[in-house]
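Generate coordinates for the entire structure from the input sequences, incorporating the hints supplied.
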Amino acid sequence: MPGGNDPGKHKTEARKRADVTLKKYGEIQLQKLQQETVCCTNNEGTSGNEITMGLSGLGEGIPMSERSEDIFANDIFGESPIGAQELGKKRGFHIKENAHCDNWDDPGGYYTYRCGEVLHGRYEIMAGHGMGVFSNVVRAKDLKAGIGDSNEVAIKIIRNIPATYKAGKQEISILEMLASADPKDRRHCVRFISSFMYRKHLCLIFESLHMNLRELLKKFGSDVGLKLTAVRTYSKQLFIALKHLKSCNVLHCDIKPENVLVNEAKTKLKLCDFGSAMSAGMNDITPYLVSRFYRAPEIILGLSYDHPLDMWSVGCSLFELYTGKVLFPGKTNNAMLRLQMESKGALPKKMLRKGAFAKEHFDHDFNYFHEKDPVTKMTVKRHPVMNIKRQDVSSLVSSFPGEDPKMLSNFNDLLKRILVLDPEKRLKVEQALSHPFVSGK
Numbered sequence: 430m431p432g433g434n435d436p437g438k439h440k441t442e443a444r445k446r447a448d449v450t451l452k453k454y455g456e457i458q459l460q461k462l463q464q465e466t467v468c469c470t471n472n473e474g475t476s477g478n479e480i481t482m483g484l485s486g487l488g489e490g491i492p493m494s495e496r497s498e499d500i501f502a503n504d505i506f507g508e509s510p511i512g513a514q515e516l517g518k519k520r521g522f523h524i525k526e527n528a529h530c531d532n533w534d535d536p537g538g539y540y541t542y543r544c545g546e547v548l549h550g551r552y553e554i555m556a557g558h559g560m561g562v563f564s565n566v567v568r569a570k571d572l573k574a575g576i577g578d579s580n581e582v583a584i585k586i587i588r589n590i591p592a593t594y595k596a597g598k599q600e601i602s603i604l605e606m607l608a609s610a611d612p613k614d615r616r617h618c619v620r621f622i623s624s625f626m627y628r629k630h631l632c633l634i635f636e637s638l639h640m641n642l643r644e645l646l647k648k649f650g651s652d653v654g655l656k657l658t659a660v661r662t663y664s665k666q667l668f669i670a671l672k673h674l675k676s677c678n679v680l681h682c683d684i685k686p687e688n689v690l691v692n693e694a695k696t697k698l699k700l701c702d703f704g705s706a707m708s709a710g711m712n713d714i715t716p717y718l719v720s721r722f723y724r725a726p727e728i729i730l731g732l733s734y735d736h737p738l739d740m741w742s743v744g745c746s747l748f749e750l751y752t753g754k755v756l757f758p759g760k761t762n763n764a765m766l767r768l769q770m771e772s773k774g775a776l777p778k779k780m781l782r783k784g785a786f787a788k789e790h791f792d793h794d795f796n797y798f799h800e801k802d803p804v805t806k807m808t809v810k811r812h813p814v815m816n817i818k819r820q821d822v823s824s825l826v827s828s829f830p831g832e833d834p835k836m837l838s839n840f841n842d843l844l845k846r847i848l849v850l851d852p853e854k855r856l857k858v859e860q861a862l863s864h865p866f867v868s869g870k
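If you're matching positions, the sequence shown starts at 430 in the working numbering and goes up one per residue.
Keep in mind the hints are simulated off the structure, nothing from the lab. There is no bait here: all hints are sound.
Distance ranges between label pairs, derived from CB positions:
(1) Leu862 with Ile590: 38 to 44 Å
(2) Lys595 with His549: 18 to 24 Å
(3) Gly869 with Ala574: 35 to 41 Å
Quick reminder that beta carbons are idealized off the backbone N, C-alpha and C, glycines included.
Here it is, written out as structure tokens:
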């Protein structure tokens, strides 16, 4: 069942739901003490989860040429590419003991930084934020910050190998374009400050924000989601970010709670991690673009894609913010299609006719093939499924004590219009911004 929602459980735990946008600023210091920051250490036993999830929210993009397999296959939330957790378990945040050695990289091309080290004569490393397949991220103090400016930044240190350098340069190009089109910083995209080369590593500097939405859900949603008023506030800001991307002809290609940052007061969010972002149009067809749980059906089927793929990801994320549950937790692309059809009905035949990968999931009569044994590496056994049980998304969004029935009805309607299988009929961002749930009218 999509989302695995239990209305009874939600009603008994409704009192735990977090009205995060109404928190008083005085609570921030207490929350800071609870913040799970991965600090610099000589201990290499750091867990994979700490390695791949950083409070910076700066994730790992995949060059198009390397998207040949499902990089999110082994990660329940698709927080990092496959292999990142294993890399983390082996390396931890490796601290270089010999500061006089000329070789500053580990065997994988990662920079082996030290706490207290000053990068580029300006940025003093304070702590580690995370590690992924293409970079490690640190929290640093800007020693030359101007009066009134924040002196804390997040720095993504790209691995010293050609492929990751090229991907980093592409990310910088997109970040600079987005920033130049938003000089007053009002479009809810993470602020890119600058970049520099340091000991053969490309380094990207970003503003440092409090936490990402995944962490917010874990800390304040108690696994049952956020108050609807908070979801409405966040939804409007996400749609403003999407509109900005569209005006710049940019596809984010990896929107999910982990890639949305919030400020200390939890009133403002920003879309981050543009490592997978690209210009719209003339893009390679790949079935593994976007983290799997937030992957639109047109991607799985091998169709051309455009801005609607990001809208689908936002819809899945909004459902998750309110319910605390993943809407489509499929373990494979095939399972994702089944969950999507259980919720939204049969896929349009025009999509199946045109999809480059449709034959992997449907026969010539458009009957869906369900994978019987997706775990083994042997040839997958399949059997056709003629009638797939329907369960609409609205039935999974329960009413909680204290919620406005009209607002909840509008939220259901918004999700219904966003989560449309046919990307051509999916809600446009301009329509989303004027929707009653978002506008409050």
